[in-house]
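Visitor: Okay, here's what each chain looks like letter by letter:
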Amino acid sequence: MNKRLVPYLFIAPYLALTVVFTIYPLLNAAVLAFYQTNGPASRTFVGIDNFRFLLGDPSFHRALTNTTVFTAASVVLVLPLAMGLAVLLHGRKGRARGFLRLLLFSPNLVGGIFVGILFAVLFTPRYGLMNRALHALFGWGLEERFLGNPALVMPAIVVTALWVSVGFNMIYFLAALQGVDKTLEEAARIDGANRLQVFRYVTLPSMRHVVGFVLVTTVISSFQLFELPLALLASTDGKGPDNSGLTLITYLYDVGFNTGDLGLGSAIGWIVAALIFGVSMIQLKLSGLAREQA
Amino acid sequence: MSRFFSIEDFPYGKAPFWLLALALVSTLSVIVTQSSSAASRPELVLATFAPNHRESYQGVARRFEREHGVRVTVELVHSRALETRLGNALLAGTDVPDLAEIGAGAIAYFTRGPLSDVALHDLTDRIEREGIRKRLVESRLSLWSSRGRVFALPHDVHPVGLVYRADLVEELGIDVSRIETWDDFVALGPKVVRDLDGDGIVDRYLIDLPMGAAWGVQVLLLQRGVSLFDERGNVAFDQPETVETIAWYLHRIEGKDRVATECGWGQSLMKAMIDGLALFYMAPDWRTHTIMTDVPNAKGKLRVMPLPAWTPGGRRTSTWGGTGLVVTKTTRHPELAWQLAKALYFDGAELGRRFAATGILPPLADAWSLPEFRAPNAFYGGQPVGELFASLARETPPDWATPYKTQAETRLSDVFLRSLEHFRSHGDSGLKDVIRRELRVAREYLETVIGRNVQARH
Numbered sequence: 001m002n003k004r005l006v007p008y009l010f011i012a013p014y015l016a017l018t019v020v021f022t023i024y025p026l027l028n029a030a031v032l033a034f035y036q037t038n039g040p041a042s043r044t045f046v047g048i049d050n051f052r053f054l055l056g057d058p059s060f061h062r063a064l065t066n067t068t069v070f071t072a073a074s075v076v077l078v079l080p081l082a083m084g085l086a087v088l089l090h091g092r093k094g095r096a097r098g099f100l101r102l103l104l105f106s107p108n109l110v111g112g113i114f115v116g117i118l119f120a121v122l123f124t125p126r127y128g129l130m131n132r133a134l135h136a137l138f139g140w141g142l143e144e145r146f147l148g149n150p151a152l153v154m155p156a157i158v159v160t161a162l163w164v165s166v167g168f169n170m171i172y173f174l175a176a177l178q179g180v181d182k183t184l185e186e187a188a189r190i191d192g193a194n195r196l197q198v199f200r201y202v203t204l205p206s207m208r209h210v211v212g213f214v215l216v217t218t219v220i221s222s223f224q225l226f227e228l229p230l231a232l233l234a235s236t237d238g239k240g241p242d243n244s245g246l247t248l249i250t251y252l253y254d255v256g257f258n259t260g261d262l263g264l265g266s267a268i269g270w271i272v273a274a275l276i277f278g279v280s281m282i283q284l285k286l287s288g289l290a291r292e293q294a
Numbered sequence: 001m002s003r004f005f006s007i008e009d010f011p012y013g014k015a016p017f018w019l020l021a022l023a024l025v026s027t028l029s030v031i032v033t034q035s036s037s038a039a040s041r042p043e044l045v046l047a048t049f050a051p052n053h054r055e056s057y058q059g060v061a062r063r064f065e066r067e068h069g070v071r072v073t074v075e076l077v078h079s080r081a082l083e084t085r086l087g088n089a090l091l092a093g094t095d096v097p098d099l100a101e102i103g104a105g106a107i108a109y110f111t112r113g114p115l116s117d118v119a120l121h122d123l124t125d126r127i128e129r130e131g132i133r134k135r136l137v138e139s140r141l142s143l144w145s146s147r148g149r150v151f152a153l154p155h156d157v158h159p160v161g162l163v164y165r166a167d168l169v170e171e172l173g174i175d176v177s178r179i180e181t182w183d184d185f186v187a188l189g190p191k192v193v194r195d196l197d198g199d200g201i202v203d204r205y206l207i208d209l210p211m212g213a214a215w216g217v218q219v220l221l222l223q224r225g226v227s228l229f230d231e232r233g234n235v236a237f238d239q240p241e242t243v244e245t246i247a248w249y250l251h252r253i254e255g256k257d258r259v260a261t262e263c264g265w266g267q268s269l270m271k272a273m274i275d276g277l278a279l280f281y282m283a284p285d286w287r288t289h290t291i292m293t294d295v296p297n298a299k300g301k302l303r304v305m306p307l308p309a310w311t312p313g314g315r316r317t318s319t320w321g322g323t324g325l326v327v328t329k330t331t332r333h334p335e336l337a338w339q340l341a342k343a344l345y346f347d348g349a350e351l352g353r354r355f356a357a358t359g360i361l362p363p364l365a366d367a368w369s370l371p372e373f374r375a376p377n378a379f380y381g382g383q384p385v386g387e388l389f390a391s392l393a394r395e396t397p398p399d400w401a402t403p404y405k406t407q408a409e410t411r412l413s414d415v416f417l418r419s420l421e422h423f424r425s426h427g428d429s430g431l432k433d434v435i436r437r438e439l440r441v442a443r444e445y446l447e448t449v450i451g452r453n454v455q456a457r458h
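For the protein sequence lines, the chains are G and U, in the order given.
Numbering follows our numbering, in which position 175 of the first sequence is assigned residue number 175; successive positions increment by one, without gaps.
Numbering follows our numbering, in which position 222 of the second sequence is assigned residue number 222; successive positions increment by one, without gaps.
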């Protein structure tokens with residue numbers, strides 16, 4: 001056998017699976033976005049009508065706004081909190097660090113659906129732990145309907161998501177902190193830099209690849225938010241009152257798998273993909289990581 | 001191994017050798033597993049999402065096996081997984097169960113598109129030919145129909161009544177037999193609604209009503225004969241009755257005439273029942289049974305009554321939820337599958353036992369005379385709950401399904417919340433105009449969504 005062909009032979013199974021289960025569905029979804037489907041076998045070519053409809057669709061606008069708000073809140077809250085916890089844990093030694101690391105990471109072990117169900121119970125009016133705690137601390141919130149009041153739904157989703165994602169991202173930052181060159185930090189301290197300056201001018205730049213990675217993955221996962229609101233807002237199929245918890249993927253699911261319009265669902269999917277790609281590119285460009293990679 | 005072949009003999013190294021070996025072993029495993037599962041595949045497979053259904057079907061399935069010489073397997077799958085997998089498998093043309101039980105909210109997904117494309121057996125002619133329609137509560141077929149054709153057998157009726165804390169109601173001197181209309185009911189508010197411990201927070205309300213979700217409004221609308229869609233799939237909720245119902249509902253959950261609170265689901269609902277946070281709870285037959293298992297220490301304290309009517313002499317019930325049995329077109333034994341469906345749903349003696357075990361009233365009226373339906377229920381203080389629901393069953397309103405039902409529910413919920421917002425800030429002033437406007441906006445949006453489907457008229 002020609003020796004040059006052997007590597008291709010070994011990657012052939014992977015390629016075959018990728019073509020069948022990734023490339024073909026992607027291309028099919030791209031084609032489907034220009035069709036309107038009705039039932040399992042019937043479809044009609046509608047050109048760009050699905051995209052045009054979404055431009056004027058208030059539900060899609062609401063989903064886009066909600067998803068953007070959630071993404072912004074995730075980035076603004078998750079990254080500093082995860083970094084702060086990582087710095088705190090990095091300064092600790094011995095078993096305490098291991099225990100706290102496990103404790104903070106543990107919400108990730110149970111999965112989004114479980115977290116959603118758990119927090120739905122915690123946010124129960126009158127009997128929920130959150131409501132009781134707020135009432136005990138501030139004399140407010142006992143009968144507050146966090147998952148029934150459109151103004152409070154998104155904050156409730158963000159708080160729930162924080163519980164999961166802060167610990168997860170903290171692990172990345174903790175690993176990055178351990179990889180920072182100690183001699184550089186020591187040199188900065190000898191040169192008179194205080195702790196904040198050392199962190200700002202030495203530690204953080206040394207971690208920029210990890211920060212960039214966490215930033216990009218946080219944005220991507222935020223745009224793909226689905227199972228958490230689905231479980232948290234189960235009584236409204238994940239949409240929340242007045243669509244206050246509707247995300248792009250929840251809307252895609254509703255359109256594609258409740259209404260059965262797979263063409264419109266595919267169009268939403270491609271818009272989400274384009275958004276994620278665009279935002280990630282901007283992030284990489286701004287952070288200069290892409291240039292460094294090149 | 002070393003005598004005949006050594007890994008070192010493999011020309012491309014150890015890692016590629018093990019990769020190749022792994023690939024071959026996994027491929028062979030898949031082939032062997034597939035062929036063995038195909039060989040052992042039973043002749044009829046029924047998938048259901050309800051554990052108590054699965055339990056209660058075992059006896060019928062074994063008898064059916066003996067009588068027809070076939071093998072019947074009853075599989076239990078979570079409802080969301082069942083509906084998603086069934087939908088995807090039908091789209092992809094892969095293996096699906098011969099029969100499946102699905103929820104009322106999902107049927108329209110399977111019946112969308114041209115009738116010839118629907119992957120479920122059209123049962124209309126069989127139902128007519130075998131005289132089944134006459135024996136059923138006819139309104140229940142609405143849930144399982146599309147464009148005049150029936151695609152599932154209804155499992156239940158789900159008439160709605162009110163479960164109430166009889167001990168507390170009696171303590172307050174309320175005679176429920178005198179409650180005929182919702183006006184009579186609401187008039188009890190001042191007697192019931194109380195801050196019992198003086199902490200400024202009301203501890204007892206008249207009724208449990210959801211503050212935002214659409215189910216409460218929908219149950220009341222159905223009672224008034226207003227469904228989200230009509231028989232032809234047109235949006236039907238933009239009605240004067242809807243305006244009246246939403247305005248009535250808002251006064252019950254907000255403002256000086258408030259008599260309702262939201263007790264939620266699961267544990268919080270059970271705690272509310274035990275605490276007596278609300279005295280009355282909307283309950284279809286299935287919920288009366290759930291309460292029996294979830295709140296065992298309320299035994300003897302609860303009773304069931306019909307819903308108050310909107311007008312004297314009006315309908316005293318509504319409907320909430322439903323399950324239906326479909327026969328997939330891919331079944332290799334459609335006749336046997338139909339026979340099994342009838343055995344499961346229309347076997348009189350079995351229906352009696354099933355009612356005793358699940359509390360769910362079947363739509364087959366012949367069965368209601370069985371002793372199990374008339375038996376006193378010790379949990380409800382010896383009240384014959386089955387008899388009460390059977391007396392309401394014929395009144396249950398039709399509830400038509402379309403693929404746009406969840407979107408319609410969301411829109412109705414939006415109307416409700418925007419009206420609530422107005423009511424909070426402006427009270428009654430212009431309230432009905434706001435409800436009318438929001439209903440029109442919701443209807444127009446849905447009509448746009450439905451209308452853009454170029455094949456919707458097929």
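Hints were generated in silico from the structure; no laboratory data involved.
Ideal Cβ placement from N, Cα and C applies to all residues, glycine included.
Accuracy of the hints is not assured; some may be wrong.
[As the list claims (entries may be wrong)] Simulated coverage check for chain G against chain U, where a stretch passes if three residues somewhere in it have a Cβ under 8 Å from a Cβ of chain U:
| no. | segment |
| --- | --- |
| 1 | 69–79 |
| 2 | 141–151 |
| 3 | 211–222 |
| 4 | 257–266 |
[As the list claims (entries may be wrong)] Between beta-carbon pairs, the in silico distance windows are:
| no. | chain 1 | residue 1 | chain 2 | residue 2 | range |
| --- | --- | --- | --- | --- | --- |
| 5 | U | Arg437 | G | Pro155 | 26 to 34 Å |
| 6 | U | Ser425 | G | Gln178 | 54 to 62 Å |
| 7 | U | Ala15 | G | Ile117 | 38 to 46 Å |
Visitor: Now tell me if each hint is right for this structure.
Guide: Results for each hint:
1. 69–79: violated (count 0)
2. 141–151: holds (count 6)
3. 211–222: violated (count 0)
4. 257–266: Our answer is that it holds, as 5 residues pass the Cβ test (under 8 Å) against chain U, meeting three.
5. U:Arg437 with G:Pro155: 26 to 34 Å: holds (29 Å)
6. U:Ser425 with G:Gln178: 54 to 62 Å: Since serine 425 (chain U) and glutamine 178 (chain G) have Cβ atoms about 55 Å apart, the given range 54 to 62 Å holds.
7. U:Ala15 with G:Ile117: 38 to 46 Å: Given about 44 Å between the Cβ atoms, the range holds.
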